[in-house]
Structures are given as C-alpha cells and as structure tokens.
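> Work the whole structure out from these sequences, hints included.
These protein sequences, in sequence, are chains P and W.
Residues 1 to 114 (the working numbering) are what the first sequence spells out, left to right.
Residues 1001 to 1113 (the working numbering) are what the second sequence spells out, left to right.
Read the hints as simulated data drawn from the structure, not as lab findings.
Misleading hints may appear alongside valid ones.
[To be verified] BS3-like cross-link-like pairs, simulated, lysine-lysine; straight-line CA separation at most 27 Å:
#1 Lys1041(W) - Lys101(P)
#2 Lys1003(W) - Lys24(P)
#3 Lys1003(W) - Lys101(P)
[As the list claims (entries may be wrong)] Covered by chain P, per the in silico footprint, the following chain W stretches (three or more residues, Cβ under 8 Å):
#4 1016–1028
#5 1104–1113
Fair warning: this is a prediction, and the values are worked out from it, not measured in the lab.
Ideal Cβ positions, reconstructed from N, Cα and C, are used throughout, including at glycine.
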Amino acid sequence: AQSVTQPDARVTVSEGASLQLRCKYSYSATPYLFWYVQYPRQGLQMLLKYYSGDPVVQGVNGFEAEFSKSDSSFHLRKASVHWSDSAVYFCAVSLSSNTDKVVFGTGTRLQVSP
Amino acid sequence: DPKIIQKPKYLVAVTGSEKILICEQYLGHNAMYWYRQSAKKPLEFMFSYSYQKLMDNQTASSRFQPQSSKKNHLDLQITALKPDDSATYFCASSLRDSYAEQFFGPGTRLTVL
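Right, dumping it as structure tokens:
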C-alpha cells in the first residue's frame, strides 16, 4: 500500500540555523510529491511540488526539497530558519496528476527557538 | 477575500445529533475534498468530488455524507454524532487533472459532547 513516512514528529532548531525535515515514501513508481505547511489555526498551504526534472525544487519562503529515487525520499530543507517558520510541515504524495487522492504524512512540528 | 469558505468555524454538538459542515470555494476549481484532522490521525483523507461526482470515499462510516448542490459547494453531513467525531474538518479544492496543488479552507472545529 502507498505510504508516506515522516520519522520526526517534532524538530527544534535555533533561529538562523539550517533545517532538514525528512520524508520517505513507499511506491513502486515515482509519485507526485508535495510539501505543505500548516500554521497555527489555519489550513494547509503548499510549499513546493515535484514530479520530474531537476531533483532539487525550489519553493516559497526559501524552502527547497530534494527528490532521491534511490532512497525514496523527498526531504525539505532551508538554509536559515526564521521564528515565523514555526509550524507543522506535511509531506504528501499522489500517484497521478488528477488529485483525487493525496496521501499525507503524519507531519513534523517545527519549533524555531530564538 | 477568502477563497474557500467553511462555516461554521467552531461547532459544538451533542452525541447522537446531526450537523452539516458548509464549504464553498471561489477559485473556479472542479474538484473538492474533505479531510479530517485529529490528535489520533493528523490528516485523514475522507472524500473527493469532481464535477459534483464522488470520485473516492475513504470514510468507512455511512454517517458521513458529502452533499454537492453546486459545482463550488461541497457540504458534509454527519449523522448520529459520536465523541470520536471530534476533530477539525478541512475542505480543499483543486483543478483536477492538472497536477495541481490543493487549496485548503480554514477548517471547522467540531466538538461532540
């Protein structure tokens, strides 16, 4: 069955430090891959997406993610985090271009400390 | 202006009652979805609709019934409410068949007493 794993439930980093949030998926084919962010008391917003091409994709607010087929991963990175990046981050996958069903990971809660 | 409207923002219900959660999107999208978020399951897909037709249903219970009266509306009727139904329910929409992101509404927080 298709699945998405975010192994870290919580991550704490200092403001200005670099960040990596991990995501691994389990599919036989390369899925469509997404990262979403959920700020407190809000719905989710997409940060970036990937299907093909350059394995490093750029998103909003300085975020990027790197796809690795060999590792079945799609890790999210940011060079220097800001306190406003504190939120819950969800990795998501879809097996087709029609978004009838997107499978979300369990989320990683990021806390940026001053 | 909000592009996806969910009403109400907060809802308290008693066990056994019935409630309807409202969702309207003004993004011109042709696909709409419902998700549930709780402490037990961070984000759980429930339904997807495209052109007002049910495409996927991952909700085991028939107590949850989506209702689409217009292309940009997808309400969620929940009957015989249980305390375990307490969660935040998110509506989302997208352009189907276009590898598009889903846009989420602000959610309805339901508490069942």
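> Are the hints correct? Go through all of them and say.
Verification of the hints:
Of the supplied pair hints, the one linking Lys1041(W) and Lys101(P) holds, its CA atoms being roughly 16 Å apart against a limit of 27 Å. A threshold of 27 Å between alpha carbons decides the hint, and for Lys1003(W) with Lys24(P) the separation of about 32 Å lies outside it, so the pair is violated. In summary, the hint linking Lys1003(W) to Lys101(P) is supported, as the alpha carbons are separated by about 21 Å, within the 27 Å threshold. Here the region 1016–1028 of chain W counts 0 residues with a CB under 8 Å from a CB of chain P, which misses the bar of 3, and the coverage is violated.
Three residues within the 8 Å Cβ limit are the bar, and the region 1104–1113 of chain W against chain P gives 4, so the coverage statement holds.
Violated hints for the displayed structure, listed by number in ascending order: 2, 4.
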